[in-house]
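K.L.:
Line order of the protein sequences matches chains A and B. Here the first sequence stands for residues 1 to 488, where the numbers follow our numbering. Here the second sequence stands for residues 1 to 368, where the numbers follow our numbering.
Note that these hints are calculated values from the structure, not bench results. Treat the hints loosely; a few may be bogus.
Stated by the list, open to error - Below are the EDC-like pairs computed for lysine to aspartate or glutamate, each with C-alpha atoms no more than 16 Å apart in a straight line:
id: 1; chain 1: A; residue 1: LYS277; chain 2: A; residue 2: GLU259
id: 2; chain 1: A; residue 1: LYS227; chain 2: B; residue 2: ASP74
id: 3; chain 1: A; residue 1: LYS224; chain 2: B; residue 2: ASP74
id: 4; chain 1: B; residue 1: LYS15; chain 2: B; residue 2: ASP63
id: 5; chain 1: A; residue 1: LYS400; chain 2: A; residue 2: GLU384
id: 6; chain 1: B; residue 1: LYS281; chain 2: B; residue 2: GLU348
id: 7; chain 1: B; residue 1: LYS311; chain 2: B; residue 2: ASP334
id: 8; chain 1: B; residue 1: LYS281; chain 2: B; residue 2: ASP321
id: 9; chain 1: B; residue 1: LYS105; chain 2: A; residue 2: GLU222
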Amino acid sequence: MEGAVLWSFVIGLVVSILDVLGGIPLAWLIVRSHGHWTTILDSLADIPFIVPTVALGFSILEFWSSPGGLAQLFGSTSLVSSGVILIVLLHFAFSFPVIVRVMVGEFLNYRETYEVAARTLGASAFTAVRTVTMPILRPGILAAFLLALARSLSETGATIVVAGAFENGTVFINNVRGSGLTAAVVIASSIMIVSSLTVFGLIKIITPRIRVAPLKVWPNLERKLSKSPVVATRNAISLIVFLVFVLLPCLFIALPAVEAVAAGTATEAFAGVGPWKAFWSSMSLSYVIAVLATIVNIVSGLPVAILIARNRFGTRISRVVDALVDLPIIVPSLALGVSLNFFWRNMGALPEFWVIVLAHTTITYSYFVRTMAASIQGIAPELEDAARTLGARPLRVFRKITLPLTKYSLLSGAILVFTRSVDETGATSAVAATLKTAPILLVSWIRGTVAVTPAERALGVGFLVATSFLALVMLRLIATRISARKVA
Amino acid sequence: MPRVSFANVTKNFGKVVALDEVSFDVSDGQYLCVLGPTGSGKTTLLKLLAGLLKPDEGTIYFDGKPVNNVNAQDRNAVYVPQQYALFPHLTVLQNVAFGPLARGKPASIALETASKALDLVRLSWRAQALPNELSGGMQQRVALARGLASGAGLLLLDEPLGALDARLRLDLRHKLRDLVKQSGFTAIHVTHDQDEAMSVGDEIMVLRNGRIQDYGPQRRVYRRPASIFVANMIGGASFLEGMVDTTVGETALISVRGGLTVQAPSTTLTLTAPVILALRKERIRISRDRLEMENVFKGEIRGVRFLGNSKEYLIRIPNGDIIASRQFAESEDDAFKVGEEVQVGFLEGDAMVFEYPAKGLRNELEVG
Numbered sequence: 001m002e003g004a005v006l007w008s009f010v011i012g013l014v015v016s017i018l019d020v021l022g023g024i025p026l027a028w029l030i031v032r033s034h035g036h037w038t039t040i041l042d043s044l045a046d047i048p049f050i051v052p053t054v055a056l057g058f059s060i061l062e063f064w065s066s067p068g069g070l071a072q073l074f075g076s077t078s079l080v081s082s083g084v085i086l087i088v089l090l091h092f093a094f095s096f097p098v099i100v101r102v103m104v105g106e107f108l109n110y111r112e113t114y115e116v117a118a119r120t121l122g123a124s125a126f127t128a129v130r131t132v133t134m135p136i137l138r139p140g141i142l143a144a145f146l147l148a149l150a151r152s153l154s155e156t157g158a159t160i161v162v163a164g165a166f167e168n169g170t171v172f173i174n175n176v177r178g179s180g181l182t183a184a185v186v187i188a189s190s191i192m193i194v195s196s197l198t199v200f201g202l203i204k205i206i207t208p209r210i211r212v213a214p215l216k217v218w219p220n221l222e223r224k225l226s227k228s229p230v231v232a233t234r235n236a237i238s239l240i241v242f243l244v245f246v247l248l249p250c251l252f253i254a255l256p257a258v259e260a261v262a263a264g265t266a267t268e269a270f271a272g273v274g275p276w277k278a279f280w281s282s283m284s285l286s287y288v289i290a291v292l293a294t295i296v297n298i299v300s301g302l303p304v305a306i307l308i309a310r311n312r313f314g315t316r317i318s319r320v321v322d323a324l325v326d327l328p329i330i331v332p333s334l335a336l337g338v339s340l341n342f343f344w345r346n347m348g349a350l351p352e353f354w355v356i357v358l359a360h361t362t363i364t365y366s367y368f369v370r371t372m373a374a375s376i377q378g379i380a381p382e383l384e385d386a387a388r389t390l391g392a393r394p395l396r397v398f399r400k401i402t403l404p405l406t407k408y409s410l411l412s413g414a415i416l417v418f419t420r421s422v423d424e425t426g427a428t429s430a431v432a433a434t435l436k437t438a439p440i441l442l443v444s445w446i447r448g449t450v451a452v453t454p455a456e457r458a459l460g461v462g463f464l465v466a467t468s469f470l471a472l473v474m475l476r477l478i479a480t481r482i483s484a485r486k487v488a
Numbered sequence: 001m002p003r004v005s006f007a008n009v010t011k012n013f014g015k016v017v018a019l020d021e022v023s024f025d026v027s028d029g030q031y032l033c034v035l036g037p038t039g040s041g042k043t044t045l046l047k048l049l050a051g052l053l054k055p056d057e058g059t060i061y062f063d064g065k066p067v068n069n070v071n072a073q074d075r076n077a078v079y080v081p082q083q084y085a086l087f088p089h090l091t092v093l094q095n096v097a098f099g100p101l102a103r104g105k106p107a108s109i110a111l112e113t114a115s116k117a118l119d120l121v122r123l124s125w126r127a128q129a130l131p132n133e134l135s136g137g138m139q140q141r142v143a144l145a146r147g148l149a150s151g152a153g154l155l156l157l158d159e160p161l162g163a164l165d166a167r168l169r170l171d172l173r174h175k176l177r178d179l180v181k182q183s184g185f186t187a188i189h190v191t192h193d194q195d196e197a198m199s200v201g202d203e204i205m206v207l208r209n210g211r212i213q214d215y216g217p218q219r220r221v222y223r224r225p226a227s228i229f230v231a232n233m234i235g236g237a238s239f240l241e242g243m244v245d246t247t248v249g250e251t252a253l254i255s256v257r258g259g260l261t262v263q264a265p266s267t268t269l270t271l272t273a274p275v276i277l278a279l280r281k282e283r284i285r286i287s288r289d290r291l292e293m294e295n296v297f298k299g300e301i302r303g304v305r306f307l308g309n310s311k312e313y314l315i316r317i318p319n320g321d322i323i324a325s326r327q328f329a330e331s332e333d334d335a336f337k338v339g340e341e342v343q344v345g346f347l348e349g350d351a352m353v354f355e356y357p358a359k360g361l362r363n364e365l366e367v368g
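Working from the sequences, and respecting the hints, build out all of it.
P.N.:
Quick look at the structure:
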């Protein structure tokens, strides 16, 4: 077991470092090159985040390991077999959007004058970015790194799919749980939680204290690195990395789904024949739960976000609450599920459906509160003060001032909650006994516990991805319309 | 330290013309102040010089060589933005040493140059501090030291004193000029504060809507502004509408609207052409006794503004116009009261005459 936990951290750290290295150049490209195609690139970078994790696992397994995947191009049967490397590839893909999302925001907020000043002082573009921009953005890079690490440490659903015989912490918890060893689950989960918290605490405390190395410049080398052929090469590499290691593996499942549609499986699926009856009810269950979890989150998360953003009970309490809010994304999702299961079962006769809704609320809690707290912090308190001195009561101030100004964040927070809820597998499988959400049903399809054909399997995953993608596109459209109106 | 020239430089942002066929020369070691209202093209001018923007048309020369295609980092022109942009993660010393290091100087030499520059702005004792530990005035001095140590010859200052308290601004502007002059830099200092421009610039350029309105030595620009806009922007004045009646030798007689004749220096203006007469506040005398000047009228005090060391009186002159006069330090007993009848006068040589502007006076006086 120690080995499995250790592997979790090794994989997590390696993946997060690779993600930072791959994600920053892409975020840079999105922010700094002008043109409509970068907006498209920006949306594409979100795809791994909206594909349900289990579908992602399945897709990546197919892409890298099956004879029908990338191996075809090289005339072999499998490029990467299940195990550590495949887990790294998987985690790299699903943590990637986290880095891009955070870094795009950081670059947009960054005051370019620092870079401009450095350039007119004689620094080449590369030198300016390396010695000025990156060190200034260090807190943002650290935050992105930690989020990626948290995703990697806690993800269970997709990892199970690609792990094969290999065990990291979360797969281990899943396996002992499968064997009915409750005590072992508790111990393993506790170890994962405690060690995750420790590692996070250490990184958060140590990193800001590392002094930036003394300023050193290699003018000639860095000047060469700033030349446009080098920059073009770098852009090309980051695009290829994104395409080959993130986008294609994530969308690979779409291909068999297309064949399945042509073969008539789709007609059966829409008719609800055979396994499809269970599939559609799982789908509707998933979306109903996601909607409810989103609503509960908005209602319960907003006050906490305000509390954190405005230091309502003093700085110290706000800071503690701020740290605690991150707990659900640090704790391995399966361990979280086990923990939630114990908690709600002891609460008495709550129907399973509501237990799942509450579990999803917990799992997605951090995303909503984080987004909203940051956004509320961005509103000058003077605006609220002004409204108050103009005679508005607190609720009216919130409704008329705070809410309209944070609408966009509210929506993106809601998007994060909704998509996370739809794709969540690990914790749900620990909580649910009889009810099957779509990801859980798909796990049983993929693992072969329910007999389905490969075409049906692919199509099932395809449906889930397509609906999630549509939901996201729609929410994005609404979001841009709202923000456009805000500007106008 | 470079000579700088603009030859017919135009810069557009979409449909907005930021600079319109601008040409001028700045000689080596000059301290030029560029003055203009918001949106007049001041910052665009600086960014073009820094290499942060490229002209759409025309050529920029440093020492006679075109630099349109020279990158910002190779131009030897330091841009000091309004908020200084001191690198928050580097100490004061590292900030100042950044320029020489970026240009490939060995660390020991870079640090020595930086220390000298910090000495110059008297901040050596804060060398190890981080920028956010310094006051606004100190940050401004660090930004200046960073520019001086950079090894560039051209200093581009964008509202360098704009972020400081009014009091500190007055203290620092002469220090700023002295340091720049002492180091032999060519400096281009952008501001919208006419007092600041007047007191630090060797020469002053006034920009409006992307065009140069006036450019010359500071005294000349003040005494003989090229246009009504410049007269209003620098120093301010009272403006009267009139018409050239006759010219007798060096003197022109101008009949002011409302029936008043004024002597002014004869101009090249044609007879009967409509003109604007501009009068500086401090050149207008008021007295209870008879005044010995070419132009003297009766006037009535209509208002008083207390300005500390001086007072500004608003006086109605016989034609019905109101003009302003600034008077220094009379005792409270001698002060003029509202409603009082006084003698108003000014010298012939102090009357500034301009051709009547095509778009009207009001448009010409707009400085926003």
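K.L.:
Are the hints correct? Go through all of them and say.
P.N.:
Here's how the hints hold up against the structure:
1. For the suggested pair A/LYS277 and A/GLU259, the alpha carbons sit about 21 Å apart, so the restraint of at most 16 Å is broken.
2. With a CA separation close to 13 Å, the supplied pair A/LYS227 and B/ASP74 stays within the 16 Å bound.
3. Note on A/LYS224 and B/ASP74: the hinted pairing holds, with a Cα-Cα distance of about 14 Å set against a maximum of 16 Å.
4. Only pairs whose Cα atoms come within 16 Å are accepted, and B/LYS15 paired with B/ASP63 is rejected, the gap being roughly 32 Å.
5. A C-alpha spacing of about 10 Å is found between A/LYS400 and A/GLU384, which places the hinted pair at or below 16 Å, so the restraint holds.
6. Restraint check for B/LYS281 and B/GLU348: the C-alpha separation of about 15 Å stays at or below 16 Å, so the hint holds.
7. Note on B/LYS311 and B/ASP334: the hinted pairing holds, with a Cα-Cα distance of about 12 Å set against a maximum of 16 Å.
8. Between the alpha carbons of B/LYS281 and B/ASP321 the distance comes to roughly 14 Å, so the proposed pair stays at or under 16 Å and holds.
9. Restraint check for B/LYS105 and A/GLU222: the C-alpha separation of about 14 Å stays at or below 16 Å, so the hint holds.
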